[in-house]
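Number of protein chains: 2
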Amino acid sequence: MKDIAKKVLSGDSHAIARLITLAENNDPSAIAYMKDIHPHTGKAHVIGITGVMGSGKSTLIYELTRQYRKHGKNVGIIAIDPTSPFSGGALLGDRVRMMELAMDEGVFIRSMGTRGMLGGLASAVYDVVEILDASGKDVIIVETVGVGQAEVDVIKIADTTLVIIVPGLGDSIQTLKAGVMEIADIYIVNKADRDGVEQTVAEIESLVDISCSGKDRVTPILTTIAKQGKGIKELIKEIENHEKYLKKTKEFDVQRRIRYETELIEIIRKRLMNFIFDEEQFKYRVESLIDQISKKEIDPHSAAKEILSKILK
Amino acid sequence: MKDIAKKVLSGDSHAIARLITLAENNDPSAIAYMKDIHPHTGKAHVIGITGVMGSGKSTLIYELTRQYRKHGKNVGIIAIDPTSPFSGGALLGDRVRMMELAMDEGVFIRSMGTRGMLGGLASAVYDVVEILDASGKDVIIVETVGVGQAEVDVIKIADTTLVIIVPGLGDSIQTLKAGVMEIADIYIVNKADRDGVEQTVAEIESLVDISCSGKDRVTPILTTIAKQGKGIKELIKEIENHEKYLKKTKEFDVQRRIRYETELIEIIRKRLMNFIFDEEQFKYRVESLIDQISKKEIDPHSAAKEILSKILK
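Residue numbers (the numbering used here), protein chains in the order written: chain A, 27 to 339; chain B, 27 to 339.
Excised from the complex, chain A in its bound form (with noise of 0.2 Å):
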């Protein structure tokens, strides 16, 4: 095994931090490392955060992975949401309690953009899962802003997804109705000091009973008021509770099976993508083809064939 993958699965930061760089670049070393970790990997539990901006994800992953620390548990975060303080943006004293968790060792912060070159999600993502997974990260948090497909992409990583909602947010229910409800495994109503919590309550709750009606297992709803630390340690409890069930259920194979899919998918799509795009000998047919298209010689979709029938067998 060579000697990154090795310090990745001592849980060094230099070579977490090296080799998750090297993936996001496609350097081809890294493919050759990832190999090597992927027998170690499958232990660390993945909780997806999602909710809208203004929701309070940030400062309840601070103190989800504060109260984790307190438990002697490793913590791995994958910002997917370029304005997430986790990213850089915010404020300051935001980013004040960002470094006090980036200044633990028993912390890895990882913050990644959406946007990939030929469309998609940063795909990169599923390897930093795979990185901190084997590195020894109990938990993983991965925080997406949740609205678009991206992010529901993302939410297919995470064992347990947790859907923030704020009171008084006509929006949020408005999302929630759209498509987000599927994917929730633990709403939390957050900013629970907030006027209007008992309604935004209710309406999850009427939700829930239409969409979890016949199911063995309701969602949960918590209130949480995260600035102050409340309802942290009752979500941990849930969090748990929601892991047992997936073991005592199929649902876990069900879910890391889906996550591999996904993974495997992405992977096709982004050497294919890559293949057509970056490499010199299509590169230039593409760009002499769009040329055409602009000049209505040619149609998209014959265009598209054309391309296809000179890579595929």
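Hints may contain errors.
What the hints assert, rightly or not - If you want the footprint, here are the derived chain B segments under chain A, 3+ residues with CB under 8 Å:
no.: 1; stretch: 41-49
no.: 2; stretch: 277-283
no.: 3; stretch: 291-302
no.: 4; stretch: 307-317
If you are wondering where the hints come from, they were derived from the structure by calculation, not from laboratory data.
Even for Gly, the Cβ is constructed at its ideal location relative to N, Cα and C.
Since the structure of chain A is provided, determine the placement of chain B on it from the hints.
Just chain B now, with coordinates in the frame of chain A:
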């Protein structure tokens, strides 16, 4: 030329709807029709409208469409937003207005999901733009929520992109900073009867000052009260100005080229993914590889490599 393509070119609404459905369903016959109509495309001006939920996008589109109709222009509307009133959600008042538009022979409305089976946005959106363009629509309005990668991709179709902001929503400005800025051709501060409109305009102005310094076009900032129809004529004037600017400079050709490039990439991506994950011969092998990944017998990158070696020349 096939009958359905001829009918689309004559503006027949039933034929338009039929061809869109064929394209959405990846029906092989659609490709032949798309080829027939491609030489007749490129005349419509495509307007992208993006903004967070509650910013009044739909109302603005309604008023914009009414104005265009008064000028005798035909309008196509594509809503890529599951929470849009055009997609059937929303309040009764909104739905009534959408119905009014839907009754007008000179208006064609289509709502589309953002979720593709194998990731990526509904790629048929490119086909829909081509179909509406070929059918003689003078203006095509594409509505997105404007936050995720899917939305940014869609915006690449547009000749003129409108970004809607609402006074007092800190979120909106944050979104701008997070990347929407690069795509705005015109800013609209809607709901301009609300408090804080001057401050919001000032904030956008200072962002524009930075992003447009040294450029020969400064992104205009308009205020509208879409519900009262205020500012709509001015907006149409600015869209015309932008169209003139595009055609005067080389920008128009550059943008159209980006559109075709994005479309070509998307068609190729979709075809390849369908090829690998839908064809009987690969489907079985992909399934068994996912099993092997779960059992740690193979890693995802090696699995991807194996599949690709089977299909690539």
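Status of the hints after comparison with the structure:
Three residues within the 8 Å Cβ limit are the bar, and the stretch 41-49 of chain B against chain A gives 0, so the coverage statement is violated. Judged by the Cβ-Cβ criterion of 8 Å, the stretch 277-283 of chain B is covered by chain A as claimed, because 3 of its residues qualify and three suffice. Using a Cβ-Cβ cut-off of 8 Å, 10 residues of the stretch 291-302 of chain B lie near chain A, which meets the minimum of three, so the contact claim holds. Interface restraint, the stretch 307-317 of chain B with chain A: holds (4 residues with C-beta to C-beta distance below 8 Å; minimum three).
The structure shown violates just one earlier hint, number 1.
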